[in-house]
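What follows is each chain in one-letter form.
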Amino acid sequence: MGNCGEIMSGFFLRQKNTNVRISLPAVCFVWQLAMIVLFGVFIRYDEESDAHWVEFRKSHNISSDIENDFYFRYPSFQDVHVMIFVGFGFLMTFLKRYSFGGVGFNFLIAAFGLQWALLMQGWFHALNPETGKITIGVESLINADFCCAGSLIAYGALLGKVSPVQLLVVTLFGVTLFAVEEYIILDLLHCRDAGGSMVIHAFGGYYGLAISWVLYRPNLHLSKRLNGSVYHSDVFAMIGTLFLWMFWPSFNSAITDHGDGQHRAAINTYLALASSVLTAVAISSMSQKKGKLDMVHIQNATLAGGVAMGTAAEFMITPYGSLIVGFFCGIISTCGYLAVTPFLEKYLKLQDTCGVHNLHAVPGMLGGFIGAIVAAAATEDVYGREGLINVFDFEGEFSTRSVGTQGGFQAAGTCVAIVFGLVGGAIVGCILRFPIWGDPADDNCYDDEVYWELPEDEETIPPVLEYNNHMIHKHQDISESNFSVDQS
Amino acid sequence: MGNCGEIMSGFFLRQKNTNVRISLPAVCFVWQLAMIVLFGVFIRYDEESDAHWVEFRKSHNISSDIENDFYFRYPSFQDVHVMIFVGFGFLMTFLKRYSFGGVGFNFLIAAFGLQWALLMQGWFHALNPETGKITIGVESLINADFCCAGSLIAYGALLGKVSPVQLLVVTLFGVTLFAVEEYIILDLLHCRDAGGSMVIHAFGGYYGLAISWVLYRPNLHLSKRLNGSVYHSDVFAMIGTLFLWMFWPSFNSAITDHGDGQHRAAINTYLALASSVLTAVAISSMSQKKGKLDMVHIQNATLAGGVAMGTAAEFMITPYGSLIVGFFCGIISTCGYLAVTPFLEKYLKLQDTCGVHNLHAVPGMLGGFIGAIVAAAATEDVYGREGLINVFDFEGEFSTRSVGTQGGFQAAGTCVAIVFGLVGGAIVGCILRFPIWGDPADDNCYDDEVYWELPEDEETIPPVLEYNNHMIHKHQDISESNFSVDQS
Amino acid sequence: MGNCGEIMSGFFLRQKNTNVRISLPAVCFVWQLAMIVLFGVFIRYDEESDAHWVEFRKSHNISSDIENDFYFRYPSFQDVHVMIFVGFGFLMTFLKRYSFGGVGFNFLIAAFGLQWALLMQGWFHALNPETGKITIGVESLINADFCCAGSLIAYGALLGKVSPVQLLVVTLFGVTLFAVEEYIILDLLHCRDAGGSMVIHAFGGYYGLAISWVLYRPNLHLSKRLNGSVYHSDVFAMIGTLFLWMFWPSFNSAITDHGDGQHRAAINTYLALASSVLTAVAISSMSQKKGKLDMVHIQNATLAGGVAMGTAAEFMITPYGSLIVGFFCGIISTCGYLAVTPFLEKYLKLQDTCGVHNLHAVPGMLGGFIGAIVAAAATEDVYGREGLINVFDFEGEFSTRSVGTQGGFQAAGTCVAIVFGLVGGAIVGCILRFPIWGDPADDNCYDDEVYWELPEDEETIPPVLEYNNHMIHKHQDISESNFSVDQS
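First to last, the sequence lines map onto chains A, B and C. Here the first sequence stands for residues 12 to 499, where the numbers follow my numbering. Here the second sequence stands for residues 12 to 499, where the numbers follow my numbering. Here the third sequence stands for residues 12 to 499, where the numbers follow my numbering.
One should not assume that every hint holds.
Note that the list lumps identical chains together, so a pair holds whenever it fits in one copy or between two copies.
Below, computed lysine-lysine pairings styled on PhoX-like, alpha-carbon distance capped at 20 Å [stated by the list, open to error]:
no., residue 1, residue 2
1, Lys69, Lys300
2, Lys357, Lys235
3, Lys357, Lys300
4, Lys27, Lys235
5, Lys235, Lys360
6, Lys27, Lys300
7, Lys360, Lys301
8, Lys27, Lys301
If you're looking for bench data, these hints aren't it; they were derived computationally from the structure. Note that the structure is predicted; figures quoted are calculated from it, not measured.
Start from the sequences, fold in the hints, and give me the full structure.
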């Protein structure tokens, strides 16, 4: 019967070669070796992580080791690290038969991405022109994790439809584009964006959407049986949701100014997230005939407040301002899952597995504009004279910039992020269309079977022979799964 | 057959209306809007999270940003945050078909509760009489999380038997009562209770028990088939147990004094918890004919040591004193699960889903009295002159209080917490008996089907038609579940 | 039929008594009481966790409470704590029917082990000769957790084949041996080993392997049906993997020097781990005909870089040096799973359930030698004069030691760790062969049924009667499991 299925599926469907036995190891080895060489040439410890610190400390009159940036940022770094690997990873385990791919490929691409990010961000921000070296410390690690987040968001739109080799390509270009747009937005336009509403979420969201649009699969309905959750996979996804939700205050405060900057960013994000939960629940319940809640909304839209506070969290947006942002973003995100994602799929031919449009692209864009408005509304009265300079970094060549101008530049920065995401994603999508990457066939998406050795399992989803009249689904090792009805 | 079941269940059982499509969104929206308005009127940043910090710091001769309270408390705050959302949330996923409700409603009520707590606790403890404003910082966030914990504990007693709207009401009143009893215990009686044995656990436990007692369901056995775990749901619950267990030292040390206070509280809690594990395992094994362990005990009773150290952890209880506390509380809690919970259900008509009586109410009460004894036994020799003043805050109007008196007040505080829990819970329980809240029928408890859109699932628990002679269980969407026996 | 199975299995197999109803509670109670007595005699708070701190601080001119070691190390401590309980615990949930035992027994033995470790390590390192007391603080808690890690690693080799009583014996001796070898390596040989490549991983790995070798079970194939994963158990194991992976930088930096020491150790570990992921994926994919990935490799070999950096992380190994270490250890570890574990089982009669040989023993040993090489290559140019003294602690009697000599001692230390592991493990293995410990029979391994009350479960693995011609597998409560095929 396995044979029969194989033959018949050969008749009806383009048979894709998903064997990545050469391409995946080759990419991993070559790129990892390249990282080693480039790190050897460029990357060094900064003065706070170098063994000369003890001398540096004395010569700079730093009274205590506790003044090392490590103690300001390491707890936040670890929270961000958990968000990247457990948060994003488990959020993507919700599919019934793609949990290995969700958490495993997330792990792979983040592990590569953070190395490449240290180099790319280093070249743009931390290259010492005299020595030609990049020096790294704990803040570099946080930034590298942030940089990966852009590509992981893009993965959310592509989940289940691409090969691990394609994902590594998405990450290579994603990190590169990220470093460039971040340089333009933060350095040239002098925007503030500590939690990355613009540079991470708007960019990453639109990057993933553009790739997914180019990779549109007209026959994806052939994999529809696997594009959904089961009871336990939804509980696994809640692990991801909660770690993202809980640690988002650390995300938005990880690289803000020491002292009040970190403190305020954490409070604002905490409040916006709480507010999102209530409105996401409200809209989810309203949308169903009997008022039942939908796990997709709880898993995703509750996080929208954190995304939207990425820019404004360090500003004096006020506690109630944070609640208002969360209030509306919870509504907008849930409505996105209800109405916009189906619309995009039907009319714009955009297949967005995790709904990154509603969780990252739109709230990120809104977050950018909210940041612009809050910046433009800043006054010396609210911030204090020194506070205003500190928060917006009005120093050096920017010492004469007004808050109104700053607001304009923040808005411009948001547009730059979106354009980079859309254009970059379209180009990368075209690259990924070459038939060399080992991506799955349309009837084989959302299936760990393609790239993972699966355990023989009591719970294996049996092949659905009668699912679709004009197709027979081939399922490997069919004789080993428990399949009492058909065998009798 | 779906129809048939519906008709027959209509004959035999009161059909409850569990549709929350209007009430749940209404409560969420109205209360969230009220929060925004109240935050707008009352809540502001404190001096350590305000942009004026840079000026405040200089004017107060604070040498470094690292002296900002953020760096003393933020790591502990994040641990507490994980306990509230992942710890409590996943601990309540143990039921085979109520994991969505366990983790999801926990998420909802904590997100609402923490906002309301910032206001309630602010009015009682942080209201500036001149400006009429409440100022918040990282310690406020920790206290808000603590305040939610009281209501989440109460949820443990109610798990599976109430609607999300009822839970929001439980939280609204729970947070309010908490703020009042906390004000009486900490401010008027001047008790010390940094980890909340009294104000959190004794209060929360008895609050939940009293509500559950008022909401007694005589026919709850009709849902007995769902009042239990399956293999994987027990593993999910261990995620909750372990995050609670690991981070309990942070819980008990999060708001204790800077320096030795936080340090000692963490050590004492760490030790008491370790000791609890061994005695919980011992009693669990002894109680079963073949010495097998019961997951219920491992998931819950291992935590009793942390609950019971909530008051005394910051005192000089000594490391071996901590071990002794854990030793006995592990025994008492496990015996509670073995003997007291069944007794309460049979004779006192008290249905306590998670056994909060054994994990929170009793260990919390004991923790209050342990704190009283340890306080009364304090000496200047052990604490040092300044240490004694510091630990018990014998300053201002309390500068002449003796340790003996302090012990008496600590014991009185424990009683206040219990009384508030019992009386408050009884009143809230009566409110929840109105037939307007959308709670499930007696044969429909412990079932996510009622409030959640469930995925079509290979693993759906099939309806048990022959389960009970005088009842037919209605199961929605029966035709979609795999149900080979009946269909053949 | 239950009876029939019982009788027949009595004929064919040695029937083991796995009832631990007396031994397990007895060991737990007696040992916990012993801990209380010994803590009463020996353990006190150190000056940073004692209430006299406020006076100590003033008399020692410490300007701020933030200088308390608590604030340097508590965030790292909590990360290590998560690794011990959730990391190790969930990594061992991968077996389809031993998740309770994996996470539950891990919990039990770590909770005992950390108490015993505080005493053993205290006697060797922190005993005040004048007072006869051991004083503890946050660094002691980290070291106690580390000490447990050695025994938890050993548990990985024994998973599913031993009783909880045996595990407590393994831990009692494991912690004792650990404290002795640690004393020899760190104090007498004056090695540096902050992340424990030698003292934790090489020791723990070889300790477990030696025990497993002595406890060789020739008929373990009778339990083969349970020695594997199911889909969801592999996802649970990824929780363990990721928390270990994410927090390993904290593990290797938790007890290094304040300031640059902690900072550099975190960076180096972060990089080595990232590099391991790529090479583990590459080898895993290459090893399978169609390039599919194996979850065993992703769950384990990705961590090898962290193990191997345990000694060298605090040295100036350079960022690219860290990447190189991770690169090779990812390869070696994955190849170990592919080739060495089967070889060991077939030819050396060594049954290593989790493959600790490949994840801990070999990378730990390599880490020790890498540390030796990096130490020997240290120069004053790279470290600075003071830096060199700081990093290698060339003070007091060791002030004249050269880096070359240090390298030699580091290598010698690695050998000491391995010898302690092998010899200690062989002896403990012999003790565990006495027929009094309640271990399972060869056909009953990897089964939670033996030591846990299991929920009645839709998903219960049914007994496989035709599995092996000469054996009948007895399954308790057979009538309660869903068993349609055989019953018809």
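Is it within, between, both, or neither for Lys357 and Lys235, if the alpha carbons may be no more than 20 Å apart?
within (15 Å within a copy, 45 Å between copies)
At 20 Å max between alpha carbons, let me know whether Lys69 reaches Lys300 within a copy, between copies, both or neither.
For Lys69 and Lys300, the Cα distance exceeds 20 Å both inside one copy (69 Å) and across copies (59 Å).
Is it within a copy, between copies, both, or neither that the alpha carbon of Lys360 lies no farther than 20 Å from that of Lys301?
neither (31 Å within a copy, 32 Å between copies)
Reference check for the pair Lys27 and Lys301, CA-CA at most 20 Å: within, between, both, or neither?
Close across copies (13 Å), not inside one copy (43 Å); limit 20 Å.
Between Lys235 and Lys360, at a C-alpha cutoff of 20 Å, which is it: within one copy, between copies, both, or neither?
Classified as within; 16 Å inside a copy, 48 Å across copies.
Status of Lys235 relative to Lys27 across identical chains (alpha carbons, at most 20 Å)
So Lys27 and Lys235 pass the 20 Å test inside one copy only (18 Å; across, 35 Å).
If the cutoff is 20 Å on CA atoms, where do Lys27 and Lys300 land: within, between, both or neither? Let me know, please.
The answer is between: 16 Å across copies meets 20 Å, while 42 Å in one copy does not.
As a check of your reading, is Lys357 near Lys300 (CA-CA no more than 20 Å) within one copy, between copies, both or neither?
Intra 23 Å, inter 39 Å, cutoff 20 Å: neither.
In summary, the structure is inconsistent with hints 1, 3, 7 from the numbered list given earlier, while agreeing with the others.
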